[in-house]
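Participant: Chain by chain, the residues:
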Amino acid sequence: MARNKVDMDESLQSQFNIKQVGRLYKSYIRPHTKELVITIILMLISSALGMLTPMILKTIMDDLIPAGNIKGIVLICLLLLSINIICVSILRMKITITTKLGQSIIHQIRQDIFTHLQELPFSYYDDRPHGKIQVRVVNYVNSLSDLLSNGIVNTFTDLCSLFFIIGFMLSLNVKLTLVCLCGLPVLATLVFVIKRKQRVSWQIMSNKSSNLNAYIAESISGIRVTQSFVRENENIKIFNRLSNEYRSSWMKAVMYNFLLPPAVDNISALTTSAIYVLGVSWLSGGLEAITAGTIIAFTGYIGRFWTPISTLANFYNSLLTALSYLDRIFETIDEPVVVKDTPGAAEMPPIRGDVEFRDVKFSYEEGVRILNGVNFKAKQGQSFAIVGPTGAGKSTIINLISRFYNLDSGQILIDGIDINTVTIRSLRKQMGVMMQDSFIFSGTIMDNIRYGNMEATDEQVVTAAKTVCAHDFIMELEDGYNTHVNERGTRLSAGQRQLISFARALLADPKILILDEATSSIDTETEILLQQGLARLLKNRTSFIIAHRLSTIKNSSCIMYVDKGNIQEMGTHEELMERKGAYYELYMSQYDFLDK
Amino acid sequence: MTALKWFFSFLKKHRTRIALGLLLVTICSALAIVNPYISGIIVDDVIGGGAYELVGKLVALLLLTTLLRSVTRYLYLYCFESASQRVLFDMRDHVFRRLMGEDFTFYNKNRTGDLMSRLTGDMDAIRHFVAATIYLIYESILLFSFAFVMIVTIEWRLALCIVIFLPFTVITAKKQLKAIAPAFANIRQRFSSLNTFVQENVSGNRVVKAFAKEDYEIEKFNKENDAYMEAQLTSTAMWRKYVPIFEFLSSLLTVILYLVGGIMVVQGNMSLGKLVTVSGYLWMLNDPLRSVGWRGNDVQNFATSCKKIYTTITAQPNITEPARPYVKEKLRGRVEFRNVDYAANNDVILHDINFKVNPGQTVGIIGATGSGKSTLMNLLCRFYDVTGGEILIDSMNVKKYNLYSLRDNIGMSMQDVFLFSDTIEGNIAYGKPNATFEEVKHAAVISDADGFIMKMPDQYDTIIGERGVGLSGGQRQRISLARALLKDPSIVILDDTTSAVDMETESHIQDSLHSIGERTVFIIAHRISSIRDADLILVMDEGRICESGTHEELLEKKGYYYTVFNHQYGEFDKIQAQKKGGTP
Numbered sequence: 002m003a004r005n006k007v008d009m010d011e012s013l014q015s016q017f018n019i020k021q022v023g024r025l026y027k028s029y030i031r032p033h034t035k036e037l038v039i040t041i042i043l044m045l046i047s048s049a050l051g052m053l054t055p056m057i058l059k060t061i062m063d064d065l066i067p068a069g070n071i072k073g074i075v076l077i078c079l080l081l082l083s084i085n086i087i088c089v090s091i092l093r094m095k096i097t098i099t100t101k102l103g104q105s106i107i108h109q110i111r112q113d114i115f116t117h118l119q120e121l122p123f124s125y126y127d128d129r130p131h132g133k134i135q136v137r138v139v140n141y142v143n144s145l146s147d148l149l150s151n152g153i154v155n156t157f158t159d160l161c162s163l164f165f166i167i168g169f170m171l172s173l174n175v176k177l178t179l180v181c182l183c184g185l186p187v188l189a190t191l192v193f194v195i196k197r198k199q200r201v202s203w204q205i206m207s208n209k210s211s212n213l214n215a216y217i218a219e220s221i222s223g224i225r226v227t228q229s230f231v232r233e234n235e236n237i238k239i240f241n242r243l244s245n246e247y248r249s250s251w252m253k254a255v256m257y258n259f260l261l262p263p264a265v266d267n268i269s270a271l272t273t274s275a276i277y278v279l280g281v282s283w284l285s286g287g288l289e290a291i292t293a294g295t296i297i298a299f300t301g302y303i304g305r306f307w308t309p310i311s312t313l314a315n316f317y318n319s320l321l322t323a324l325s326y327l328d329r330i331f332e333t334i335d336e337p338v339v340v341k342d343t344p345g346a347a348e349m350p351p352i353r354g355d356v357e358f359r360d361v362k363f364s365y366e367e368g369v370r371i372l373n374g375v376n377f378k379a380k381q382g383q384s385f386a387i388v389g390p391t392g393a394g395k396s397t398i399i400n401l402i403s404r405f406y407n408l409d410s411g412q413i414l415i416d417g418i419d420i421n422t423v424t425i426r427s428l429r430k431q432m433g434v435m436m437q438d439s440f441i442f443s444g445t446i447m448d449n450i451r452y453g454n455m456e457a458t459d460e461q462v463v464t465a466a467k468t469v470c471a472h473d474f475i476m477e478l479e480d481g482y483n484t485h486v487n488e489r490g491t492r493l494s495a496g497q498r499q500l501i502s503f504a505r506a507l508l509a510d511p512k513i514l515i516l517d518e519a520t521s522s523i524d525t526e527t528e529i530l531l532q533q534g535l536a537r538l539l540k541n542r543t544s545f546i547i548a549h550r551l552s553t554i555k556n557s558s559c560i561m562y563v564d565k566g567n568i569q570e571m572g573t574h575e576e577l578m579e580r581k582g583a584y585y586e587l588y589m590s591q592y593d594f595l596d597k
Numbered sequence: 163m164t165a166l167k168w169f170f171s172f173l174k175k176h177r178t179r180i181a182l183g184l185l186l187v188t189i190c191s192a193l194a195i196v197n198p199y200i201s202g203i204i205v206d207d208v209i210g211g212g213a214y215e216l217v218g219k220l221v222a223l224l225l226l227t228t229l230l231r232s233v234t235r236y237l238y239l240y241c242f243e244s245a246s247q248r249v250l251f252d253m254r255d256h257v258f259r260r261l262m263g264e265d266f267t268f269y270n271k272n273r274t275g276d277l278m279s280r281l282t283g284d285m286d287a288i289r290h291f292v293a294a295t296i297y298l299i300y301e302s303i304l305l306f307s308f309a310f311v312m313i314v315t316i317e318w319r320l321a322l323c324i325v326i327f328l329p330f331t332v333i334t335a336k337k338q339l340k341a342i343a344p345a346f347a348n349i350r351q352r353f354s355s356l357n358t359f360v361q362e363n364v365s366g367n368r369v370v371k372a373f374a375k376e377d378y379e380i381e382k383f384n385k386e387n388d389a390y391m392e393a394q395l396t397s398t399a400m401w402r403k404y405v406p407i408f409e410f411l412s413s414l415l416t417v418i419l420y421l422v423g424g425i426m427v428v429q430g431n432m433s434l435g436k437l438v439t440v441s442g443y444l445w446m447l448n449d450p451l452r453s454v455g456w457r458g459n460d461v462q463n464f465a466t467s468c469k470k471i472y473t474t475i476t477a478q479p480n481i482t483e484p485a486r487p488y489v490k491e492k493l494r495g496r497v498e499f500r501n502v503d504y505a506a507n508n509d510v511i512l513h514d515i516n517f518k519v520n521p522g523q524t525v526g527i528i529g530a531t532g533s534g535k536s537t538l539m540n541l542l543c544r545f546y547d548v549t550g551g552e553i554l555i556d557s558m559n560v561k562k563y564n565l566y567s568l569r570d571n572i573g574m575s576m577q578d579v580f581l582f583s584d585t586i587e588g589n590i591a592y593g594k595p596n597a598t599f600e601e602v603k604h605a606a607v608i609s610d611a612d613g614f615i616m617k618m619p620d621q622y623d624t625i626i627g628e629r630g631v632g633l634s635g636g637q638r639q640r641i642s643l644a645r646a647l648l649k650d651p652s653i654v655i656l657d658d659t660t661s662a663v664d665m666e667t668e669s670h671i672q673d674s675l676h677s678i679g680e681r682t683v684f685i686i687a688h689r690i691s692s693i694r695d696a697d698l699i700l701v702m703d704e705g706r707i708c709e710s711g712t713h714e715e716l717l718e719k720k721g722y723y724y725t726v727f728n729h730q731y732g733e734f735d736k737i738q739a740q741k742k743g744g745t746p
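Taken in sequence, the protein lines are chains G and Y. The opening residue of the first sequence carries number 2 in my numbering; numbering runs sequentially from there. The opening residue of the second sequence carries number 163 in my numbering; numbering runs sequentially from there.
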């Protein structure tokens, strides 16, 4: 799929895919069959008892009162009360079980979608606004709750009672029953006619809600830019447009849903009328052997026939609504995991730190080569610096070491082992990566550093912070290491955030350390201190560094100049300066301004 | 104002729609009473009594009322649904406006996911209330009162039995509302927390993967997910005590009516016919009574969400418009900081900052991480307000300007580049949505971004992801720079904007920056090369300006700046010699 932006609808699947329902049942509902059956039995008992009530009342009116049997009345009222108490207890049980059922299913779906999201590659997150991913895990899944709790149970119960009623009706009079059933095809036709439109309009609705959600997410995350560019009013306009689109799509969809219950009502009234008319004509014409009593009894059941159908129609409505969410949920769960463990992948043994690229070719999009046959070997403990113009593929090279992407061809070997043959987790766990974008989670600073190694003690965290010269400023914060920072660390300066994510990377005690413009926002003084502290730490580690301040990388064991998808020059600082090539030009250019 | 009053101020705007809806509900309920009545006549008189000639008329009447009822019902559903959507639209607009107006301090305190929940999940509870709960409650009251009045006219003593039930119902309902309130608040809390967790996980997906922390995230997520489910189940455990009580009360009412009525008939105090009529009204008493518990849940759910939204937006922003704001189309760009202090949370961040800049001058700012460089610029844009001293632009205190006209004159490229999931063109034109393509391209050329943009598959129409992932750091910075320049601001702030850009590109950018007319430029940087040409260089340390002057002056001072210079260019002499030797 092409990249998606906030106001762009995601693709629609217009087919009513009943398979989705089957899948929902198989994967999520079936494990709860036992609870489901119990509830349905309880509900059937309850509705059977419910059917006794009119009979009891009839006895009071027809027999006991005319007979003046007060004792009888009291007794039968007590009977009625005990029946009701049973029904109420069943209701209580039903509430408990169905809520549990619905919530467990939702819990499971949410867990599945989240777990799967963790497996998905960067590109999945890069291709769509984050709000659209989030809405699937939280809001969409929530929207299923009603369907999955009351919906299922009521449907089964209603279906059962529907068959009961039809049985009753058949035993009373076959012809009248058939007349009554005639209403069903009419209803089915109507359902069929509006189904497609209804389905599409709900899909549009879910799309619009996703757009709105994505816009909210982005507006909040980007508020600083918005305010500094005085874009508030423009954004409010866009927001209101999206909000309005959502509103009209909702209205359109919901009005389709509202069509169904009146349709059931009218069809029910029609069949009832037909039965009255037929019954009367039979009675008056004497064509059929039927008694007035039979017809009266029969009409008593018609109501009970249409009530469950009405609830089923409602269930159908919520099912269609839910399907528009379910599509998206399953779509996410089905999103193929591109970068995954090869079958039979072994655990990566403890890394020593030799890294080798063998004719590595790579492209993000087909046809646009980013790396074109990269070859190099880094020995354990060496530090490799990568320089070159922006967009030359520097970050790409180091991203491939962690196997964030799959290669087009060639091999990357660590300690002589092709990284494709080991599990991704065992590989990444042994690497410390510090990215351009230093993400801070909301929580304490301690938690944020400890993210690199959950088992680390407080002392180890502090040591790591000291190594990266972050200790001093942390101690100056009001609660020291326990100071709460916000998501993206808005309370910290960019340099401070970089230091914290540096400490985080170090705490992981990686054998391979990757620093991608990790110190760009750190002042030179701190950087020098940092390097002194690091020198000792880096001794037995292989490191890859991308930096634009050449003073940062001058002392590296090896400097690679990357351009046009390949390594143009490679060697130590001195060697490259000797060579007077691209690196030399780059290095000298930083002094150009001094000559001005 | 309370949360509910706040809500009603929105509802009031759509009162005609709601009144019309309620009227239609009244008609519909009346018709609901008519239908069983007609059926009754058909069954009793026509079929049972043999008055066959009436059947045609009665059936036609039955069909007509059903149709009429369907139509009114459809209409009132429409009324309430559209009213609820309108209320929601207005509320969202209101909340969103407030969020746009809140200052940085607010955003430092509130998590993105929590704020999102206010605009999504919490709004949905309000939607349900307006779209359904209101008319359901009204319908219940209507039916119940109608039946009650009818029973009073038939037999007032039976009506007394019903009255006895009312206090029980009211007390239980009150108890329920009180009991479930914390449980419902807990659900909203958990929802918000879950939302925040997922939001951060999605935003931080790169870090999660880099540290192979998927298992840890899943484990944490499971805790959130469990807690949310637990909250749901706990609240169910609370309200399932109450819902059946109403169910029971309603059946108890039936039993009592029959018992008392039956005895009265037997004792000759009432006719059997009257009891039959009363029992015909019974469902109108039972259904509303039964639904009290469910409606209680709806109301509490609504009230909780309403309160949550309201408390979020009542925080008054600290940064406010002056009473008589001064609007200036175009500032000249003279900037002066006079004894500026800034402290937050009792933490002194800036102390006694003094400097002056003339229009067209460039100021370079260098200093240790966390020394207050960015804060200096945030104060200039009034993202925060000074706690002491004053900042003057064109000799007027920044607090006197119209906030928007002030910020509109300042083009800021931030340290932490945030790009929107939009096309590159849309991102550059962010500050000036009506900019022509030529203007966009021009800004991109100045910031040296045009070259790489033109190499992309869809060039300026390429959609970039949120936070510009998919672009390198340097590319992002250059887009952000183009965005700042497009506004043609009098004051340009480059906060560490070229840190990820190679030096050649940087010097190119600086050259073109000077070529595009007079403007005051602030450059925060760590590379000497970025600020060397500045008219004034400020060296910051622990919230103070410790050195200031031009490049040459500062080198002579042999202070902090000199040290930094030596670290970066220590080899200068050697290089000079090499250069002279190498290229005669």
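No lab work stands behind these hints: they were computed from the structure. For each residue, glycine too, the CB sits at the ideal point set by N, CA and C. Just so you know, not all the hints are guaranteed correct.
[Stated by the list, open to error] For lysine-lysine, the following DSBU-like pairs were computed, each having C-alpha atoms within a straight-line distance of at most 35 Å:
| id | chain 1 | residue 1 | chain 2 | residue 2 |
| --- | --- | --- | --- | --- |
| 1 | G | K35 | Y | K436 |
| 2 | G | K238 | Y | K561 |
| 3 | Y | K382 | G | K101 |
| 4 | G | K253 | Y | K174 |
| 5 | Y | K720 | G | K581 |
| 6 | Y | K436 | G | K59 |
[Said to hold, decoys possible] Beyond 10 Å from chain Y on every Cβ pair, some chain G residues (computed):
| id | residue |
| --- | --- |
| 7 | I66 |
| 8 | Y277 |
| 9 | L320 |
| 10 | V339 |
| 11 | A346 |
| 12 | I420 |
Participant: Decide, hint by hint, whether the structure agrees.
Facilitator: Cross-check of the supplied hints:
1. Taking the CA atoms of G/K35 and Y/K436, the gap is near 48 Å; set against the 35 Å cutoff, the hint is violated.
2. For the given pair, G/K238 sits about 27 Å from Y/K561 by alpha-carbon distance, which is consistent with the 35 Å threshold.
3. Of the pairs offered as hints, the one joining Y/K382 and G/K101 holds, with about 22 Å between alpha carbons and a cut-off of 35 Å not exceeded.
4. Between the alpha carbons of G/K253 and Y/K174 the distance comes to roughly 24 Å, so the proposed pair stays at or under 35 Å and holds.
5. The suggested pairing of Y/K720 with G/K581 holds, with an alpha-carbon distance near 33 Å, which does not exceed 35 Å.
6. Pair hint Y/K436 plus G/K59 holds up; C-alpha atoms about 15 Å apart against a cutoff of 35 Å.
7. A Cβ of chain Y approaches the Cβ of G/I66 within 10 Å, the least distance being about 5 Å, so the stated non-interface status is violated.
8. Not every C-beta of chain Y lies more than 10 Å from that of G/Y277, the closest at about 5 Å, which undercuts listing it as non-interface.
9. For G/L320, the condition that its CB be more than 10 Å from all CB atoms of chain Y holds, with the nearest at approximately 19 Å.
10. Remark: the non-interface label on G/V339 is consistent with the geometry, its nearest Cβ contact in chain Y lying 13 Å away (cut-off 10 Å).
11. No beta-carbon of chain Y is positioned within 10 Å of the beta-carbon of G/A346; the least distance is around 14 Å.
12. Remark: the non-interface label on G/I420 is consistent with the geometry, its nearest Cβ contact in chain Y lying 13 Å away (cut-off 10 Å).
Going through the hint list in order, the structure does not satisfy hints 1, 7 and 8.
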